[in-house]
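**Q** Sequence:
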Amino acid sequence: MTQNPLFATYARADLAFVHGEGAWLTTEDNRRFLDFAAGVAVNSLGHGHPHLVATLKEQADKLWHVSNLYDSPGQRKLGERLCAATFAEKVFFTNSGAESLECAIKTARHYHFANGEEERFNILTFDGAFHGRTLATIAAGGQAKYLEGFGPKAAGFENLADTDIELVKKSVDETTAAILIEPIQGEGGIREIDPSFLKALRALCDETGTLLIFDEVQTGVGRTGKLFAYEWAGIEPDIMAIAKGIGGGFPLGACLATAKVAESMVPGTHGSTYGGNPLATAVGNAVLDVVLEDGFLQQVQATGLLLKQKLAALADSHPDLVEMVRGEGLLLGLKCKMAPAGLLAKVREHGLLTVPAGDNVLRLLPPLTIGREEIDFAISALDAALNEVRDDMSKADRNEQ
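Numbering (this note's numbering), first residue to last: 1 to 401.
No wet-lab data here; the hints were simulated from the structure. Just to be clear, a hint being listed does not mean it is correct.
The calculated SDA-like cross-link candidates involving lysine to any residue, where the alpha carbons are at most 25 Å apart (straight line), are [unchecked claim]:
1) K153 to S96
2) K335 to A345
3) K90 to T269
4) K346 to L306
5) K346 to M324
6) K199 to G234
7) K145 to G128
8) K153 to A136
9) K153 to T9
10) K90 to G268
Build out the structure end to end from the sequences listed, making use of the hints.
**A** Structural data, given as structure tokens:
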């Protein structure tokens, strides 16, 4: 047998997909699966979306890459559109969520440095957070399982045990540069952060001169039914990191900020060879063409509510296995009463792809274009899988007796 040349950093399923259309994927042996993983919230418009495909092909015939040493019309256009649709006034383009978070962290620290407060470099984060896989972002997340084996934890990050505003107030001091938070923790288990807490963070940051950073890598670009999840709380961050859905499957991310915060990021302070190249920004603009269409986000909200209601009914019919349904829009999760690995495998056997998360949660992240028939298929697959998990657990109990 030929040795696999790839790093063994993924516990890959024995599936090899060769074609996708809409919410469906087909393997090389011609099996079809309904994709409720969407590349971990990446394929926001599903697979093979006609507008994205046509845009990519058209741009590929023109220009792929020239670097950021020159002006880029497509990049400027995408930046203008993101600023017009959000709180932001400035954008830095990246290739991934972790890169967007790195830029956000550097921007926050350099803002204080440029204002004569170089002692303000510490970033407060929260238990259960996931901000990426770089040395800085695993330090920001603070989870031991990701930190182990990579040397000393990068300095300048303090992970708080709870989303308690009094705890945050006690933790903010003269070294605090920013507070970094996901409005809904994705990897942490689709754990929603109370909007009142986010409002209290905004007020605290205004009072203390601390910057508020939102990690919307997973929650952004329509995933929760708003263009960005911060809108649900009725407040705005100073900096926001995005990726995943903005590229619709093409590697693209961005760090968005107010002009005041971004003004210290001058030539030499940050850079990216590939970030925001013509191919990526062409696709990003195509994604916005669709997501910003009248009625699109309202449809995501309606579809998300339908799916959540059906999941709630499913949870009610399996109270011994499912504790609750979490999430907003089409960022949803089943909080299970056992590790979800067995359920994940069972639903796959029924032709449904899902994603595990922390806190015993099975994530459901379908394309934002998902339809009612596909939702019914997913619910049927989940119901059958839960019944099989129950049967397996009963057999195991009998064997132990």
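**Q** Evaluate each hint against the coordinates.
**A** Now the hints, each set against the structure:
A C-alpha spacing of about 22 Å is found between K153 and S96, which places the hinted pair at or below 25 Å, so the restraint holds. This hinted pair checks out: K335 and A345 have alpha carbons roughly 16 Å apart, not beyond 25 Å. Between the alpha carbons of K90 and T269 the distance comes to roughly 15 Å, so the proposed pair stays at or under 25 Å and holds. With a C-alpha separation of about 23 Å, the suggested pairing of K346 with L306 holds against the 25 Å cut-off.
For a cut-off of 25 Å, the pair hint linking K346 to M324 stands: about 19 Å separates their Cα positions. As the CA atoms of K199 and G234 are separated by approximately 8 Å, the hinted pair is consistent with the 25 Å bound. About 12 Å separates the Cα atoms of K145 and G128, which keeps this hinted pair within 25 Å; it holds. Among the hinted pairs, K153 with A136 is consistent with the structure: their alpha-carbon atoms are about 8 Å apart, no more than 25 Å.
Our distance criterion of 25 Å between C-alpha atoms is met by K153 and T9, whose separation comes to about 20 Å. For the given pair, K90 sits about 17 Å from G268 by alpha-carbon distance, which is consistent with the 25 Å threshold.
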